[in-house]
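**Q** Here are the chains, one letter per residue:
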Amino acid sequence: DAGITQSPRHKVTETGTPVTLRCHQTENHRYMYWYRQDPGHGLRLIHYSYGVKDTDKGEVSDGYSVSRSKTEDFLLTLESATSSQTSVYFCAISVGGGREGHEQYFGPGTRLTVT
Amino acid sequence: AQKVTQAQTEISVVEKEDVTLDCVYETRDTTYYLFWYKQPPSGELVFLIRRNSFDEQNEISGRYSWNFQKSTSSFNFTITASQVVDSAVYFCALSEANMLTFGGGTRLMVKP
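Respectively, the protein sequence lines represent chains A and B. When the count follows my numbering, it moves up by one through the first sequence with no breaks and lands on 1040 for the last residue. When the count follows my numbering, it moves up by one through the second sequence with no breaks and lands on 184 for the last residue.
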């Protein structure tokens, strides 16, 4: 158990509304990630963070922003939700202190539905 | 750009059969890492194994074994004597600079 929680676990929202998903970790890991999971695509990286206030884009970052003001929290924001952002969102941490190639451990996921 | 291909989208077997899940990857890096994750019906992602590109020894863990072949860019996963509890979606992944690239996943259904 890597001590990762996500909130909310389920959310239904309307097109055009802002949504923020929270990822919280208890073990002080430097690297944190946000992925989305869609059928046939596996998991795709949205954004990641390599420290407080240090973030970068992933493969599918359009329409998403992130913030990390504390080591333990990584927030994902959909500024104006669209139906194409209906997905399951997973947060992850990387063990190993930033060295390449270490495994990632995932939170329980957030199921987001945009109507 | 890195790419991971899991050509088998769904596999169905009967309990106690052996089953192999295929994973083929593309990368220009000489040093890289490969992973397998399991996602059971409950939805969580469970880390199974990590292998670096310099270690081509096969690995066995109970009923699970992994065959890494650099020459064919493959990292296949075999479950021996499958059980109903092995039913899940399995993902292969490749690491580049602290980021993972996932394959599309293989859904394994083990029937009693």
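Hints are not guaranteed to be accurate.
[Unchecked claim] If you want the ones that stay clear, here's a sample from chain A, every Cβ over 10 Å from chain B, calculated:
no., residue
1, Asn953
2, Thr1002
3, His1027
4, Gln1029
5, Pro1033
[To be verified] Below 35 Å or equal to it, Euclidean Cα-Cα: the simulated DSBU-like pairs (lysine-lysine) are:
no., chain 1, residue 1, chain 2, residue 2
6, A, Lys995, B, Lys183
7, B, Lys88, B, Lys75
8, A, Lys995, A, Lys978
9, A, Lys982, B, Lys75
10, B, Lys183, A, Lys936
11, A, Lys978, B, Lys75
12, B, Lys110, A, Lys936
13, A, Lys978, B, Lys110
14, B, Lys75, B, Lys142
15, A, Lys995, A, Lys982
16, B, Lys142, A, Lys982
17, B, Lys183, B, Lys88
18, A, Lys995, B, Lys88
Don't read these hints as lab results, they were simulated from the structure. Note that CB positions come from ideal geometry on N, CA and C, so glycine has one too.
**Q** Determine for every hint whether it applies to the structure shown.
**A** Going through the hints against the structure:
{"no.": "1", "hint": "Asn953", "in the structure": "17 Å, holds"}
{"no.": "2", "hint": "Thr1002", "in the structure": "20 Å, holds"}
{"no.": "3", "hint": "His1027", "in the structure": "8 Å, violated"}
{"no.": "4", "hint": "Gln1029", "in the structure": "6 Å, violated"}
{"no.": "5", "hint": "Pro1033", "in the structure": "6 Å, violated"}
{"no.": "6", "hint": "Lys995(A) with Lys183(B)", "in the structure": "46 Å, violated"}
{"no.": "7", "hint": "Lys88(B) with Lys75(B)", "in the structure": "32 Å, holds"}
{"no.": "8", "hint": "Lys995(A) with Lys978(A)", "in the structure": "8 Å, holds"}
{"no.": "9", "hint": "Lys982(A) with Lys75(B)", "in the structure": "18 Å, holds"}
{"no.": "10", "hint": "Lys183(B) with Lys936(A)", "in the structure": "33 Å, holds"}
{"no.": "11", "hint": "Lys978(A) with Lys75(B)", "in the structure": "29 Å, holds"}
{"no.": "12", "hint": "Lys110(B) with Lys936(A)", "in the structure": "25 Å, holds"}
{"no.": "13", "hint": "Lys978(A) with Lys110(B)", "in the structure": "32 Å, holds"}
{"no.": "14", "hint": "Lys75(B) with Lys142(B)", "in the structure": "15 Å, holds"}
{"no.": "15", "hint": "Lys995(A) with Lys982(A)", "in the structure": "19 Å, holds"}
{"no.": "16", "hint": "Lys142(B) with Lys982(A)", "in the structure": "30 Å, holds"}
{"no.": "17", "hint": "Lys183(B) with Lys88(B)", "in the structure": "9 Å, holds"}
{"no.": "18", "hint": "Lys995(A) with Lys88(B)", "in the structure": "48 Å, violated"}
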